[in-house]
Structures are given as structure tokens and as C-alpha cells.
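Quick note, the sequences are listed as chains A and B, same order. First residue of the first sequence? That's 19 in my numbering, and the numbers climb one at a time after it. First residue of the second sequence? That's 19 in my numbering, and the numbers climb one at a time after it.
A hint or two may mislead.
Unchecked claim - Residues on chain B that point at chain A, a partial pick, calculated with CB under 8 angstroms:
id, residue
1, Asp-51
2, Pro-52
3, Glu-114
4, Leu-147
For the record, the hints were derived by calculation from the structure and aren't laboratory data. Just so it is clear, the structure is predicted and the values come from calculations on it, not from any experiment. Don't be surprised by glycine CBs; every beta carbon is placed ideally from N, CA and C.
There are 2 protein chains.
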Amino acid sequence: MKYFEDIVVGERVAVGSHTFKADEIKAFAARFDPQPFHVDESAAESSHFGALCASGWHSAVVWMRLMVDARHRMMEAARARGEPVAAMGPALGIRELKWLKPVYVDDTIDYASEVIEARVSESRPGVGLMSIHSTGINQHGETVLSFISTTFVERRPVTP
Amino acid sequence: MKYFEDIVVGERVAVGSHTFKADEIKAFAARFDPQPFHVDESAAESSHFGALCASGWHSAVVWMRLMVDARHRMMEAARARGEPVAAMGPALGIRELKWLKPVYVDDTIDYASEVIEARVSESRPGVGLMSIHSTGINQHGETVLSFISTTFVERRPVTP
Chain A
19 MKYFEDIVVG ERVAVGSHTF KADEIKAFAA RFDPQPFHVD ESAAESSHFG
69 ALCASGWHSA VVWMRLMVDA RHRMMEAARA RGEPVAAMGP ALGIRELKWL
119 KPVYVDDTID YASEVIEARV SESRPGVGLM SIHSTGINQH GETVLSFIST
169 TFVERRPVTP
Chain B
19 MKYFEDIVVG ERVAVGSHTF KADEIKAFAA RFDPQPFHVD ESAAESSHFG
69 ALCASGWHSA VVWMRLMVDA RHRMMEAARA RGEPVAAMGP ALGIRELKWL
119 KPVYVDDTID YASEVIEARV SESRPGVGLM SIHSTGINQH GETVLSFIST
169 TFVERRPVTP
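Please model the complete structure; the sequences and the hints are all you need to start from.
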């Protein structure tokens, strides 16, 4: 990962994509969000969604997993180049999380994140804070998920 | 569930509580948030958290599960009293989600939700929108999680 000082506002990262299968939609929802339209095809058909669709929390946590994997690849690449690797995370929170469209069975969601703000922490001047705007877009080009998250990022060590 | 017209702003619901065990913390994180401090005790000890702690997404989705269960109990109770049951959900989104404190192994989080706003949808006057402020509080009385969510609630059918 880059140090806080290397972050460029406006930079965009392709986080990864994921196809939501019926089995995993139902397994996630059975554990964490057992509303009828997330766990049962026939109940979903008679709901306003019209078909089985993923819990909104599910489409959000898949972003988290893909982001952790993407960061891991970036860190490995930096290490391979002999570059220092800055510490990152955890997140402080999320704002403006919107579930804009349902994620139906076999939909493929392509996630991306764009840096929208970088600032030094007021309470901890030794750390930077980065806010990113993340989206998930389905195979029809529709945005299904949008949110902003803020994460700690290590500042570059001062060279005396 | 109550119809939109029966919602009282300021009303508080005890959603339920959950004790986070090491095995489930690691299983959730291995699938959705495999950062070292969520999946590995020794890596967590050398992190700034000092010990294994749950993914913030995990503490949020446990609220969702307990809320679905709580709604189900309220619906069953209404049916048992012979009262009509209004349709509810899904959620439109989340705002101001804050992970304020870590959730460590064996912490018990008590979740509650308070109605903070009720308004008729501008785009769909037939439905109401309810915003609730939800919190998770640990056994030391510390708030670990806080967020606001907005959900569709059915309006009372007009009697001619």
C-alpha cells in the first residue's frame, strides 16, 4: 500500500467482480438476513422484487472481501519491487450506503473504489485518513450499491 | 408490524444480544474480511487492537439477523391478537455507520433501535419511510456500533 502522502485524490481502483449464485445468496441470508425474498425462490416471486435476490449486506461484504484481496495483491507487488509497505485500515465507518437495485441470482457485480478525500487525522496527527467512494455495477451497467468509507492510512516516516 | 401511521417517533425496540465467540469471528472474517486482526490471534496481539476482534461488518450483520427475528416475533404476536400485519422492508440504505470500539472475543453486544423519523415517500406516496438509529453496546456499557437505516413501511389501507 501507498503511504498517506502518496495517495492521489481521484485515483480509482478496480476492486474485483463477483457472480452471486443462488446457493450462496440463500446461505448468507439464512444466517444473517432471513427475509423471505432472500431465502426462498417462491416467496421472492410473490414479493415486490419478483425473484430471489441477495441481502444488501451480502453485496456489501463481498466488496470487503474483494478489497482485502486487492490490497493484498498491491502489497505483494510493492514488496516484490523492494518498496516499503504502509500499514492500512481498519475502517472507522461507512456513510451514505445505498442499495439502489436488487442483486438477482447470477448477476455479476463489478466493484470499484475511488479516492474522494485524504486528510490528516485531527485527533491523531501521526495518521492519515482516506475516504473512498465504492460502487458495485451489474452486467447491465446499473449501479446496485454505493457507499463512502473512511480508513486509517500510515503516514510516511520522517527522514531526519 | 405496525402500519406506518402507527409508528411513534422516539419509540425504542430492544433488538437482542449476541456473544461473539472466537470461532465465529474467525469463520466470518475468513470468508468476508480476512484482515490479520480478525482471523489470527497472534497477528491480532501484535496489531493496534491487541487481541482478536470481530470484523465491523460482522457486528453489523448480527444486528440484521436479530432485527429480522425481533420483527418476526412482533408479527406473530400481532397475528395471535388478530391484528392486521403491515408489510415492512427492505431497507434503502444506511448512513453514519460508525465502528466506535472493537468487539473482542466473548464480548456480548446488546442491540437496540430507536425510531428517529417517519415520513411519506416523495416518489411513492403509497408507502411510508421509517428511519431508525441502531446501536450495539458491550458488557462494559461502551457503544461499539452506531448507524441509521431507512426502511419501507406499508401505510394503513384507506377505509372507504
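Checked hints:
no., hint, in the structure
1, Asp-51, "holds (5 angstroms)"
2, Pro-52, "holds (6 angstroms)"
3, Glu-114, "holds (6 angstroms)"
4, Leu-147, "violated (14 angstroms)"
Taken one by one, the earlier hints fail for this structure only at number 4.
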